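Asker: In case you want the letters, here they are:
There are 2 protein chains.
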Amino acid sequence: MNEIVRGVTAADALLGAAEFEAAIRAVGAERYHDKHPFHKLLHGGKLSKGQVQAWALNRYCYQSAVPRKDAALMSRTLDRELRREWIHRIMDHDGIDDEHGGIERWLVLTDALGLDRDYVISMEGALPATRFAVEAYVRFVVEQPLTVAVASSLTELFAPAIHRERIAGMLENYPFVNDEVMAYFKRRLTQAPRDADFALEYIKANARTREEQEACINAVRFKCNVLWAQLDALHNAYVEPGLIPPGAFRPNA
Amino acid sequence: MNEIVRGVTAADALLGAAEFEAAIRAVGAERYHDKHPFHKLLHGGKLSKGQVQAWALNRYCYQSAVPRKDAALMSRTLDRELRREWIHRIMDHDGIDDEHGGIERWLVLTDALGLDRDYVISMEGALPATRFAVEAYVRFVVEQPLTVAVASSLTELFAPAIHRERIAGMLENYPFVNDEVMAYFKRRLTQAPRDADFALEYIKANARTREEQEACINAVRFKCNVLWAQLDALHNAYVEPGLIPPGAFRPNA
Chain A
1 MNEIVRGVTA
11 ADALLGAAEF
21 EAAIRAVGAE
31 RYHDKHPFHK
41 LLHGGKLSKG
51 QVQAWALNRY
61 CYQSAVPRKD
71 AALMSRTLDR
81 ELRREWIHRI
91 MDHDGIDDEH
101 GGIERWLVLT
111 DALGLDRDYV
121 ISMEGALPAT
131 RFAVEAYVRF
141 VVEQPLTVAV
151 ASSLTELFAP
161 AIHRERIAGM
171 LENYPFVNDE
181 VMAYFKRRLT
191 QAPRDADFAL
201 EYIKANARTR
211 EEQEACINAV
221 RFKCNVLWAQ
231 LDALHNAYVE
241 PGLIPPGAFR
251 PNA
Chain B
1 MNEIVRGVTA
11 ADALLGAAEF
21 EAAIRAVGAE
31 RYHDKHPFHK
41 LLHGGKLSKG
51 QVQAWALNRY
61 CYQSAVPRKD
71 AALMSRTLDR
81 ELRREWIHRI
91 MDHDGIDDEH
101 GGIERWLVLT
111 DALGLDRDYV
121 ISMEGALPAT
131 RFAVEAYVRF
141 VVEQPLTVAV
151 ASSLTELFAP
161 AIHRERIAGM
171 LENYPFVNDE
181 VMAYFKRRLT
191 QAPRDADFAL
201 EYIKANARTR
211 EEQEACINAV
221 RFKCNVLWAQ
231 LDALHNAYVE
241 PGLIPPGAFR
251 PNA
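As they're listed, the protein sequences go chains A and B.
Yeah, the first sequence ends on 253 if you go by UniProt numbering, and it's all consecutive.
Yeah, the second sequence ends on 253 if you go by UniProt numbering, and it's all consecutive.
For reference, chain A alone in the conformation it holds in the complex (with noise of 0.2 Å):
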């Protein structure tokens, strides 16, 4: 189940913790999906209400994904400490008792779009694309080694800066958005930044190898790639060619 990392073996030299870092943020310089056609149509005002529609309720699926991956990751580890970290995730997403949590956060976004919530939370109009690349994310969290999981969670480390382009552009360009339906963006501006330094510090202590260095570059490789695929499906069904899939949603229909 291990990546398979191509022209790397366990007795090449380890990276010092520096440069493993620099070649972690490299991929997303490289391929984080701030960098895609979609990314630049929906922040630049550019998307109709029901293109806008149409990313909200795709994007529920990784949304709701998210604690499901991250409690999969609990699950394979006997690491105490690991899991009473990582558990914040959970709460951050789900909520805890009276707290509401991102989810809540995002239906409040689809809500304000006009979008039904049993329908997005139903997920029948969101792109198969989008459901694949998602699974494809939580599968690879159960799979792959411990480390290479933890280091898939690390486009967090890119995040800050689209959410902080993504909340200034929609609050100016779309006048069905206000501050209140952009609340799970400025949630994760503070949420993410610490989760991704916990994670960063586990694999640098914990990649001991070479080999697992690169396995945990190639996670977020993995993970860009996963981000990167929903917005191509959504290009492709919404903006052009405009290939909507059979059963998934039209806008005004």
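It is worth saying that the hints were derived from the structure and are not from the lab.
All the pointers check out, no bait thrown in.
What follows is a set of in silico ranges between Cβ atoms, one per label pair, in the way DEER data are often shown:
1) A:Arg25 <-> B:Val239: 56 to 64 Å
2) A:Arg25 <-> B:Asp118: 32 to 40 Å
3) A:Asp118 <-> B:Lys46: 56 to 64 Å
4) A:Asp98 <-> B:Val239: 45 to 53 Å
Small disclaimer: the values here were computed from a predicted structure and weren't measured.
Built from N, CA and C at the ideal position, the CB exists for glycine as well.
Starting from the known structure of chain A, fit chain B onto it as the hints suggest.
Answerer: Leaving out everything else, chain B in the frame of chain A:
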């Protein structure tokens, strides 16, 4: 992967809620581990300190696996409300932030018994049969239908009685046991009933065919087997015939 229920088909009549609950409670009356000879020796003050040590360090394997199986269950459900309820089980065992949780309380017990904490946590001295039984439980929760996985937690219906008996019996009979040491069991007196009530209502609502109901009843039998097998292994190794497997804990060694 479904449990096969002999002689029952989906066409059979659904049990009423009370009848269903009674069938589950009957499993406890028949085969919960309070009926095991080792349990009677433990609570009756008939064990040596070495035998109590063996029990405590083997039982640690079970305690420490509980959050993994609960996280596994959470990783399998799209039902946010179920996850929001179930996460409390993990918090109870792992603790959260400044709260220590049940595993830590268990280690207070093994500390008091004079066992080295790292040795206990390593599980090196545990009986292989203990670990096989515990991991069978984790796999059951990973692989069985969700309602059946929930049902396997229902031995908690029978736990408060055994814990009350254990607290009284152990405090009375062992000079090396005090109130602080029994904190784990005291806490479970209130936690277990809340959890069990939720799980019972969940399976009543979600087992919608007789076959599913019987699979739930079988899940409680399975779980009783998991608990019983652990006491069998202890009895075999440390009471009679006293056949301690290679590598397993040896009292006073």
